[in-house]
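Undergrad: Residue strings, one per chain:
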Amino acid sequence: MRVKISSVAVFLAVAFASAGFGQSVEIGKLEGRASTGKVLYRRYCIGCHGPEGDGNGENAAWIDPKPRDFTAAVFKCRSTPTGTLPTDQDLFDAITRGFVTTNMPPWKPLTNQNRADLVAYVKTFSARWEEEKPGPAIAIPPEPPITIAGILHGRELFQKNDCWKCHGPEGHGDGPSAPTLTDTKDNPIRPHNFATGSRFKCGISNQDLYRIFMTGLDGTPMPSYADTMQPADAWALVHFLRTLQPFHTQEAATWKAWLPGHREEIKAIGPEGGSGASP
Amino acid sequence: MRILRTSNRTLLTTIFVGIFGITSASAGPGGVTGKVTLQGQPSKAKTINMSSEPGCAKLYSTPPTTEDVVVGPGGGLKNVVVYVSAGAPDGAVPPAQPISVTQKGCRFAPHVVIMQANQEVRVINEDATTHNIHPLAALNREWNKAQPPGTPPLEETFAREEFISVKCNIHSWMHSYFVVLKTSHYSVSNENGAFTLENLPPGKYTVTAWHEVYGKQTQEVTISGAETQALNFVFKAN
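As you go down the protein sequences, you meet chains W and V in turn. Under our numbering, the first residue of the first sequence is numbered 1, with each subsequent residue one higher. Under our numbering, the first residue of the second sequence is numbered 1, with each subsequent residue one higher.
Simulated from the structure, these hints should not be mistaken for lab results. No experiment lies behind these values; they were computed from the predicted model shown. Be aware that a few hints might be false.
Footprint (simulated), chain V over chain W, 3 or more residues, beta carbon under 8 angstroms [claimed, not checked]:
id	segment
1	39-52
2	114-123
3	172-183
4	219-225
Partial pick of chain V residues on the chain W-facing surface, computed with a CB cut under 8 angstroms [what the hints assert, rightly or not]:
id	residue
5	T33
6	T47
7	N49
8	A128
9	T129
10	T130
11	N144
12	P153
13	L154
14	T157
15	I170
16	S172
17	H175
Computed list of lysine-lysine pairs in DSBU-like fashion (alpha-carbon distance at most 35 angstroms, straight line) [stated by the list, open to error]:
id	chain 1	residue 1	chain 2	residue 2
18	V	K35	V	K236
19	W	K185	V	K182
20	V	K44	V	K58
21	V	K46	V	K204
22	V	K35	W	K66
23	V	K46	V	K104
24	W	K185	V	K236
25	V	K204	W	K185
C-beta atoms are modelled at their ideal positions from N, C-alpha and C, and glycine is treated no differently.
Next up, chain W with everything else stripped away, as it sits in the complex:
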């Protein structure tokens, strides 16, 4: 199997649309080769992901969360809707970035070419890649400026969409449903704790955060909100979620400067309904 990785995702999408997935298309400069990828996989990945790519490598028993099972072709970090395959670029980015708070390190020390080769090999573990195409990318409109009104609206949405039931009223990953969560393989899984830093498993930017709750993280309890959430609301939610992170996000700083004078106006998030500022 051969894949191409472009550094510019837009080019990738255009090329896919014109040439079709799975064919030998020329995009950017990289061409991933599964044969080279196999050699690299057996050196760097096999210990956790296993010789069959099913996530049952010899280290897997001691790893939590468990290594990805490539035979199911279900992936957390995608630019595509829930239930669809990710793009090559998504897989490339995941290998490059690694998964913060898991055993999967960033593979930036490998060359871009090597990571493209690994993408090509990872795709040989499931027949889904022959049968299906990646879904259409979730559109992300331009980000509006950060405002207190937007953050308050996002806070309301965090309550209304019941995000807090898993992620906790203050985003510490300690909501009432948190202890019961399991992944698709019935392994316990923890919701993201926003206090752990300003990175997410699927990226670091506000666009990445927007994408996470619009695509959902397939294979985990985190659902997609794409069907019901409007883009303006989604951006408001992004800005609120950033206030749950440590002080060094711009949103958290804005919020923390505003909060002391307005503490009386906002209710706590939780079962009683902690919607935004009271009238």
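Start from chain W and add chain V according to the hints.
TA: Okay, now just chain V, sitting in the frame of chain W:
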């Protein structure tokens, strides 16, 4: 537009079935009817603790119980899917009518949802809380969608035959099965364990009974005319 088209199709189907019924009154079709029973003592249904979701808990006068094993009078086993697994042509065109499943009181109703491959399933949220619908499909695509209160029904299809376990991760007690079948000849056993398969022309059929805990059983049945054959299934609790 959509409603209009659907009702037209329903009308056509009704007319077609009507004609078919008249012309084939003497030579069939026949059917299969029977009962599914459970022998032995099943583990007791567990009480569901919904205290984390007071809006749902208050809808019940007595606390609801788990629905994986429901045994009625005389050992009748509820929620067994009985279907023709071989012998009848696959339902080539899926019915235009969608199959509905409603989340109400933080439970899926019905608990077992049967649909034909590529038939639309409509998932409705009547609760005042967000649910996430998460079919843990392996042959079909696994997806996971949030459905906040007051949002429109989700409309989805599954292309491949599969018994799909469906969860709401937010409410760990919420569990359903989406059963995707190729055939249009299916039935689900009621509180008494009773089921009926209708409209089977003369022929030899394999009938399969599937239960989410006790697995699958199959039996052969031959229909020679317009008769209704009796067929019973017995599952054993360990």
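Undergrad: Double-check V/L154 for me: the hint is only fine if its C-beta lies closer than 8 angstroms to a C-beta in chain W.
TA: holds, 7 angstroms
Undergrad: Given the hint that V/K35 pairs with W/K66, test it: the Cα-Cα distance must not exceed 35 angstroms.
TA: Roughly 43 angstroms between the alpha carbons, so the hint for V/K35 and W/K66 is violated.
Undergrad: Given the hint that V/K46 pairs with V/K204, does the C-alpha gap stay at or below 35 angstroms?
TA: violated, 41 angstroms
Undergrad: Given the hinted pair W/K185 and V/K182, is their alpha-carbon gap at most 35 angstroms?
TA: holds, 27 angstroms
Undergrad: Is the Cα-Cα distance between W/K185 and V/K236 35 angstroms or less?
TA: holds, 27 angstroms
Undergrad: Just to make sure I understand the rule, a stretch counts as covered if three or more of its residues have a C-beta closer than 8 angstroms to a C-beta of the chain. Does the segment 114-123 of chain W meet that for chain V?
TA: violated (count 0)
Undergrad: Would you check whether V/N144 satisfies its interface hint, that is, whether its CB is within less than 8 angstroms of any CB in chain W?
TA: holds, 4 angstroms
Undergrad: Is the shortest C-beta separation between V/A128 and chain W less than 8 angstroms?
TA: violated, 10 angstroms
Undergrad: Can you take a look at whether the segment 39-52 of chain W is actually covered by chain V? Rule is 3+ residues, C-beta closer than 8 angstroms.
TA: violated (count 0)
Undergrad: Would the hint on V/N49 be counted as holding, given a Cβ-Cβ threshold of 8 angstroms to chain W?
TA: violated, 11 angstroms
Undergrad: Given the hint that V/K46 pairs with V/K104, does the C-alpha gap stay at or below 35 angstroms?
TA: holds, 19 angstroms
Undergrad: Does the interface hint hold: is V/I170 within less than 8 angstroms of chain W, judged Cβ to Cβ?
TA: holds, 5 angstroms
When held up to the earlier numbered hints, the structure conflicts with 1, 2, 5, 6, 7, 8, 12, 14, 17, 21, 22 and 25 and fits the remainder.
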